[in-house]
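Peer 1: Dock chain B against the given chain A, drawing on the hints supplied.
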Amino acid sequence: MVASRRTPWVALRRAVGPLLWLLGLLVPILLNGSWISIMAIFAIYAMVALSQDIVLGRAGMYDMGHAVYFGVGAYVTAILNTQFGWPIFVTWPVAIVAAALIGALLSAPIVKLRGDYLLVATIGFNIIFVLALGNNVANLTGGPDGIFGVGVPHLFGWALSSQGTLFYLDWLALAAVLLLMRNLERSRIGRVFRYLKEDELAATTLGVNARNYKILAFAIGAGIAGAAGTLFAVQLASVSPGSFVFTESVTLFAIVLVGGQASIPGVLLGTALMFVVPQVFRGLAQYRYFAFGIAMIVVMVLRPQGIWPRGRAR
Amino acid sequence: MTPPAGGTPLLALDGVGISFGGLRAVDDLTFSVAPGEIKGLIGPNGAGKTTVFNMITGVYEPTDGRIHFAGEDITGRPPHRVAGSGILRTFQTIRLFAGMTVLENVLAGQHLRTRQTWWQSLLATPAQRREEAELVDRTMTTLERLDLATVAHETATSLPYGMQRRVELARTLVADPKLLILDEPAAGLNDKESSALNETIRSIRDSGITILLVEHDMNVVMNVTDSIVVINFGKKIAEGGPAEIQSDPAVIEAYLGQDDEEAIA
Chain A
1 MVASRRTPWV ALRRAVGPLL WLLGLLVPIL LNGSWISIMA IFAIYAMVAL SQDIVLGRAG
61 MYDMGHAVYF GVGAYVTAIL NTQFGWPIFV TWPVAIVAAA LIGALLSAPI VKLRGDYLLV
121 ATIGFNIIFV LALGNNVANL TGGPDGIFGV GVPHLFGWAL SSQGTLFYLD WLALAAVLLL
181 MRNLERSRIG RVFRYLKEDE LAATTLGVNA RNYKILAFAI GAGIAGAAGT LFAVQLASVS
241 PGSFVFTESV TLFAIVLVGG QASIPGVLLG TALMFVVPQV FRGLAQYRYF AFGIAMIVVM
301 VLRPQGIWPR GRAR
Chain B
1 MTPPAGGTPL LALDGVGISF GGLRAVDDLT FSVAPGEIKG LIGPNGAGKT TVFNMITGVY
61 EPTDGRIHFA GEDITGRPPH RVAGSGILRT FQTIRLFAGM TVLENVLAGQ HLRTRQTWWQ
121 SLLATPAQRR EEAELVDRTM TTLERLDLAT VAHETATSLP YGMQRRVELA RTLVADPKLL
181 ILDEPAAGLN DKESSALNET IRSIRDSGIT ILLVEHDMNV VMNVTDSIVV INFGKKIAEG
241 GPAEIQSDPA VIEAYLGQDD EEAIA
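Quick mapping for you: the protein sequence lines, in order, are chains A and B.
Our numbering puts the first residue of the first sequence at 1, with every later residue one more than the last.
Our numbering puts the first residue of the second sequence at 1, with every later residue one more than the last.
Here chain A stands alone, though its shape is the one from the complex (with noise of 0.2 angstroms):
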């Protein structure tokens, strides 16, 4: 932005999170088979933790169904790889447009509704969500157990088939949403989602159009995690509805909340606490949500803003 503030410790701290990727290149060289998909589990997560925070810690939506958006991408992928053979880049795209077309579709009539109602409504969306998956509708969700047998990605005819490869197509997905995220906090977008997440009535009587402000937001939100959704389908080689059931969506909800909200930091630390950490103490696996339970009453109670809030300047 304009002059001053630009410090030696501003560039510093600007450099972190770059380092930090970079970092993350080393992880399938130094680490062994179970860490490298852990990370590359986390790379994922962390896209859709993003893409949640656009809608609920930057344009303030309660928004507490965000896996449908997650699934609609890792299905779209996995039913047309699966079923009609699309190479997973080209299914790629099309599930991101997918996940935010539906994400636009399903928000244009709730985006009106105050953050409570709103919030019910989007669980509707969830449940109503995973009971389709189940069903098996129009015989292409396979039902409860889902689908299996979805394929690598191919590029140029070589196989990204090993979990090194893998992990690096989700490092680099992450960087891509990171830097949109980065993009959207210096645009136009970016600056209208918090005005109406702080106060719609003067946002609108400056010009905004809230209602179509809003549904952008799902829609990109919806997008970010449909991309997420693939990888995830491809990670897994299989799709299942358990993996975006109403549970799902409120652990995003509470990682932003936790992390700390419109803080691309803190999301990104709420996502590690929630799927990094948990395997660091294996024997401890299983109280995973029991810690995150705990973490999210403790820092609502003493650090409502999130463990590592948004700066003031940027």
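What the hints contain is simulated information worked out from the structure, not anything from laboratory work.
Among the hints, erroneous ones may be present.
Unchecked claim - Simulated DEER-style distance windows between Cβ atoms:
| # | chain 1 | residue 1 | chain 2 | residue 2 | range |
| --- | --- | --- | --- | --- | --- |
| 1 | B | R145 | A | V90 | 53 to 61 angstroms |
| 2 | A | K112 | B | T93 | 18 to 26 angstroms |
| 3 | B | A133 | A | D145 | 35 to 43 angstroms |
| 4 | A | T7 | B | R66 | 28 to 36 angstroms |
| 5 | A | L155 | B | L123 | 55 to 63 angstroms |
| 6 | A | R14 | B | R130 | 47 to 55 angstroms |
| 7 | A | T247 | B | E61 | 41 to 49 angstroms |
| 8 | A | F148 | B | W119 | 31 to 39 angstroms |
Stated by the list, open to error - Partner residues aside, some chain A positions facing chain B, computed with beta carbon under 8 angstroms:
| # | residue |
| --- | --- |
| 9 | L26 |
| 10 | A176 |
| 11 | I189 |
| 12 | R191 |
| 13 | V192 |
| 14 | E198 |
| 15 | N209 |
No experiment lies behind these values; they were computed from the predicted model shown.
All residues carry an ideal CB built from backbone N, CA and C; glycine is no exception.
Peer 2: Same frame as chain A, now just chain B:
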């Protein structure tokens, strides 16, 4: 400076009224604002002044009457479209975007002239970055004009009250309004700040912006307005220049008849 009689008004309310349930908050209100004028809207507490503003800016839809602005019927238009036609407003209780800097707050006023599309926003294209830089430059110019440049990067809601008022004003001014609606701009200001406000309001008018203001501070009302509309219980009871209004028996009664609220200056 009385506007030329018979000229086309910039804003015209014609028989405007609104009811909330059984309560008739504003009834058959007709007045107009000429281009380049500073018009005051006054009345005892609860007279319906803010309701009138809310109807003009589209926050409420009137149940009766029409509102015309710059020759167009804007009755019932949603607030964002009213803003688009050139009517910007401030609020009686300051409404800044909490947790955002002064610069980010005032950038909101540039929303309508921003051209970047959503995908340019996401991809940070060169054109988008150029536009952002221009928006910041233009915003900084306005901040300098209102003596806010030094706090551009401070959190707006942490500033002293008088400054927050100026931030809100700056946010409307960067939008280049045709009509600026000020809802009690002097509320909460000390004497010095309210005198400075008089100057600011006049300089805004001199830059070509028409002003409609609600104000309780008679120092402001009597010193800056060209003409005044007085309402009580949602009805117009008087209209005229500041001097006429001060000696109007109906106005005096409306104010003094109330349990010793502020007497007219």
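Peer 1: Taking 8 angstroms as the limit, does the beta-carbon of E198 (chain A) come near enough to a beta-carbon in chain B?
Peer 2: Given a least distance of 4 angstroms, the restraint on E198 (chain A) holds.
Peer 1: At a threshold of 8 angstroms, is the proposed contact between N209 (chain A) and chain B supported by beta-carbon distances?
Peer 2: holds (5 angstroms)
Peer 1: How about R191 (chain A): closest beta carbon in chain B under 8 angstroms, or not?
Peer 2: With a closest approach of 6 angstroms, the R191 (chain A) hint holds.
Peer 1: Taking the Cβ atom of L155 (chain A) and the Cβ atom of L123 (chain B), is their distance within the range 55 to 63 angstroms?
Peer 2: violated (23 angstroms)
Peer 1: Mind checking the CB of I189 (chain A) against every CB in chain B and telling me if the closest is under 8 angstroms?
Peer 2: holds (4 angstroms)
Peer 1: A closest beta-carbon separation below 8 angstroms is what the hint needs, so does V192 (chain A) meet it against chain B?
Peer 2: holds (7 angstroms)
Peer 1: For the pair A133 (chain B) and D145 (chain A), does the Cβ-Cβ distance stay inside 35 to 43 angstroms?
Peer 2: The hinted range 35 to 43 angstroms is violated for A133 (chain B) and D145 (chain A), with Cβ atoms some 54 angstroms apart.
Peer 1: Quick check: does the Cβ-Cβ distance between T7 (chain A) and R66 (chain B) fall within 28 to 36 angstroms?
Peer 2: violated (57 angstroms)
Peer 1: Hold the hint about L26 (chain A) up to the distance rule: shortest CB distance to chain B must be less than 8 angstroms.
Peer 2: violated (28 angstroms)
Peer 1: Against the range 18 to 26 angstroms, how does the distance between the Cβ atoms of K112 (chain A) and T93 (chain B) compare: consistent or not?
Peer 2: holds (24 angstroms)
Peer 1: Holds or violated: the 41 to 49 angstroms window for the beta-carbon distance between T247 (chain A) and E61 (chain B)?
Peer 2: Distance hint for T247 (chain A), E61 (chain B) holds at roughly 42 angstroms.
Peer 1: Does the Cβ-Cβ separation between F148 (chain A) and W119 (chain B) fall within 31 to 39 angstroms?
Peer 2: Given about 36 angstroms between the Cβ atoms, the range holds.
Comparing the model with each earlier hint shows violations of hints 3, 4, 5, 6, 9 and 10; every other hint is respected.
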